[in-house]
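Protein chains in written order, with our numbering: chain F, 171 to 504; chain L, 19 to 294.
Among the hints, a few may not be true.
[What the hints assert, rightly or not] A partial selection of chain F residues facing chain L, derived with a Cβ cut-off under 10 Å:
#1 A220
#2 R245
#3 A255
#4 P258
#5 M260
#6 R271
#7 R320
#8 P322
#9 T433
#10 F456
These are computed hints drawn from the structure, not numbers from a lab. From the three backbone atoms N, C-alpha and C, an ideal C-beta is built for every residue, glycine too.
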Amino acid sequence: MGRITLDKVTKAFGEVEVIPPLDLTIEDGEFVVFVGPSGCGKSTLLRLIAGLEDVTGGQIRIDGKDATAVPPAKRGLAMVFQSYALYPHMSVRKNIAFPLRMAGLDKAEQDRRVKNAADVLNLTDYLDRRPGQLSGGQRQRVAIGRAIVREPAAFLFDEPLSNLDAALRVGMRLEISELHERLKTTMIYVTHDQVEAMTMADKIVVLRAGHIEQVGSPLELYREPRNLFVAGFIGSPRMNLIDGEEARKRDAATIGVRPEHITPSPDTGTWKGRVGVAEHLGSDTFFHVHIDGRSEPVTVRAGGEVAMHHGDTIYLTPDEERIHRFDGKGLRIA
Amino acid sequence: MARAVTTRRKIVTTVVAWAVGLLIFFPIYWTILTSFKTEAQAVANPPLFFGFDFTLENYAIVQERSDYMRYLWNSVIIAGGSTILGILIAVPAAWSMAFVPSKRTKDILLWMLSTKMLPAVGVLYPISLLFVQFDLLDTRGGLIVVLMLINLPIIVWMLYTYFREIPGEILEAARMDGAGLRAEILYVLTPMAIPGIASTILLNVILAWNEAFWTLNLTAVNAAPLTAFIASYSSPEGLFYAKLSAASTMAIAPILVMGWFSQKQLVRGLTFGAVK
Chain F
171 MGRITLDKVT
181 KAFGEVEVIP
191 PLDLTIEDGE
201 FVVFVGPSGC
211 GKSTLLRLIA
221 GLEDVTGGQI
231 RIDGKDATAV
241 PPAKRGLAMV
251 FQSYALYPHM
261 SVRKNIAFPL
271 RMAGLDKAEQ
281 DRRVKNAADV
291 LNLTDYLDRR
301 PGQLSGGQRQ
311 RVAIGRAIVR
321 EPAAFLFDEP
331 LSNLDAALRV
341 GMRLEISELH
351 ERLKTTMIYV
361 THDQVEAMTM
371 ADKIVVLRAG
381 HIEQVGSPLE
391 LYREPRNLFV
401 AGFIGSPRMN
411 LIDGEEARKR
421 DAATIGVRPE
431 HITPSPDTGT
441 WKGRVGVAEH
451 LGSDTFFHVH
461 IDGRSEPVTV
471 RAGGEVAMHH
481 GDTIYLTPDE
491 ERIHRFDGKG
501 LRIA
Chain L
19 MARAVTTRRK
29 IVTTVVAWAV
39 GLLIFFPIYW
49 TILTSFKTEA
59 QAVANPPLFF
69 GFDFTLENYA
79 IVQERSDYMR
89 YLWNSVIIAG
99 GSTILGILIA
109 VPAAWSMAFV
119 PSKRTKDILL
129 WMLSTKMLPA
139 VGVLYPISLL
149 FVQFDLLDTR
159 GGLIVVLMLI
169 NLPIIVWMLY
179 TYFREIPGEI
189 LEAARMDGAG
199 LRAEILYVLT
209 PMAIPGIAST
219 ILLNVILAWN
229 EAFWTLNLTA
239 VNAAPLTAFI
249 ASYSSPEGLF
259 YAKLSAASTM
269 AIAPILVMGW
279 FSQKQLVRGL
289 TFGAVK
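Can you make the complete structure from the sequences, with help from the hints?
So, in structure tokens, the structure goes:
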């Protein structure tokens, strides 16, 4: 079981309040991603749940029991750190067995569980090596192995993939998702990368300056961002936010159109502009279009092999059904 | 970018290094040399480097007059005991300063160090009174406690510096893995800090071994270590340079041998963290 409830949790470092009163419930078995720009308090929130930081106010409950004053060692949670935080003086085997040793399991049971974890994570050949002799991806696997052996109530991941290169990151992302499918254990995952959030989460928590901006499934956030911040943060490339005349025409202070919801054409459309930078990715092409009278370019997603280049005249037609409208305070207009 | 090192430069550096090394080593060398001379040759002018009558007589007389082994044993117990006790107290202290610092941690560290700037003789009277009060005069236990206290600031400082180099996340990982404070320090922090702890121990043993002020003032017979053994030969009865040298050589020999074998460890420990 791993249902985690935060009840009016606050955290202040001295005078600075990094987490204003915050309520959040994480259901058993859920994969929850905390996402937000750096300094938004997502790591602090995770560390509060872990018990590595003390809350300033409020209550944290794990499976209904008050865990606010319980030390991290006794919360039954496992954590994977960005720096892996392996024990450099221990072999991989001992690293993975460490939580079991702390729990006082007998040697045979320790060996059995370490072997299982090593099988799952392809670490069997590396059990007698030291962390220093492993690659970044292998080290991350050891860190995950150390987390899974003790069958925790929930896994906490603190930007676990940030230190890996791009290709490895995609691979590990899939592995973590598969792990969640298999274990069905609650996972809380912190990242600043919205692609990781979108691809892995059951539920995304978007944070800004310690506030929860929106909680929802990836597609809910994509389809109905509650405000301008979420609209700009979720989705890649980011949503075009347009104010002024075009917004007023649609009874809004700002309108948002995603690059994939604009149809480009060489000869006809709603907005006329000029192609600035064209990014050809093969599968897609992103045009950064300069529209007359607007300083910021509009990003448009087109098919893979569109023959338009820098300087060409281009016409854009937004999908009116999918235009997001926001009021003067930046809130969504239903 | 690597600087080109010319042969000339290498020769100059080597010669200078040897010169400095020999200069530092000369007193020890001279002591050892003198210990093999007769008393007459020991005070000869000009001093004799070669061609003296090599003799072991001084060592024989020194051993006959006083029981070297007893002094040695006292030195071992006092230096070892004060070091072990110091480490046991300093590891948790340095842990808290390095990993859960408070606003005043820096001040405490400086204050601790400031006690080292106090002339020892300034507290001779209060400490002597305490020793008398608690019946600790001329006991090894009393000396162990005093030497531990004298060197504690240095031990805490050194350990603090090493601990600061250890990433806090690893200790947090241990906490998440179910380790309590004791397990965290015992199984994770200490093994990772072994090089630092080892050089701290070495340095502290050397300091305690050579400590003369307190050992001379607070001991007489039973707890007297090698420093007292040497001192007993600088007597007002007359000049016995050769015997004094023999006693000194015997007193410094164990620590010299230990230092020789652990020099790599010691240098590495002392510069630990200086270069990332």
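query = At a threshold of 10 Å, is the proposed contact between A255 of chain F and chain L supported by beta-carbon distances?
reply = Status holds, d = 4 Å.
ask   = With 10 Å as the cut and Cβ atoms as the points, is R320 of chain F at the interface with chain L?
value = 7 Å, holds
query = Can we keep the R245 of chain F interface hint, with Cβ of chain L closer than 10 Å?
reply = 8 Å, holds
request  = Classify the hint on P258 of chain F as holds or violated, based on whether any CB of chain L lies nearer than 10 Å to its CB.
outcome  = Cβ of P258 of chain F sits 6 Å from chain L, so the hint holds.
key: Satisfaction of the A220 of chain F interface hint, Cβ to chain L closer than 10 Å   = Interface hint status for A220 of chain F: holds (6 Å vs cutoff 10 Å).
inquiry  = Can you verify the interface hint for T433 of chain F: is its Cβ closer than 10 Å to any Cβ in chain L?
reply    = This interface hint is violated because 49 Å lies over the 10 Å limit.
message = Restraint: M260 of chain F near chain L, CB-CB cut 10 Å. Satisfied or not?
response = 8 Å, holds
key: Residue hint R271 of chain F, partner chain L, criterion CB-CB below 10 Å   = 8 Å, holds
ask   = Should the hint that F456 of chain F touches chain L count as held when the rule is a Cβ pair under 10 Å?
value = With a closest approach of 38 Å, the F456 of chain F hint is violated.
key: Hint check: 10 Å Cβ-Cβ cutoff, P322 of chain F to chain L   = 9 Å, holds
In terms of the numbered hints stated before, the structure departs from hints 9 and 10, listed from lowest to highest.
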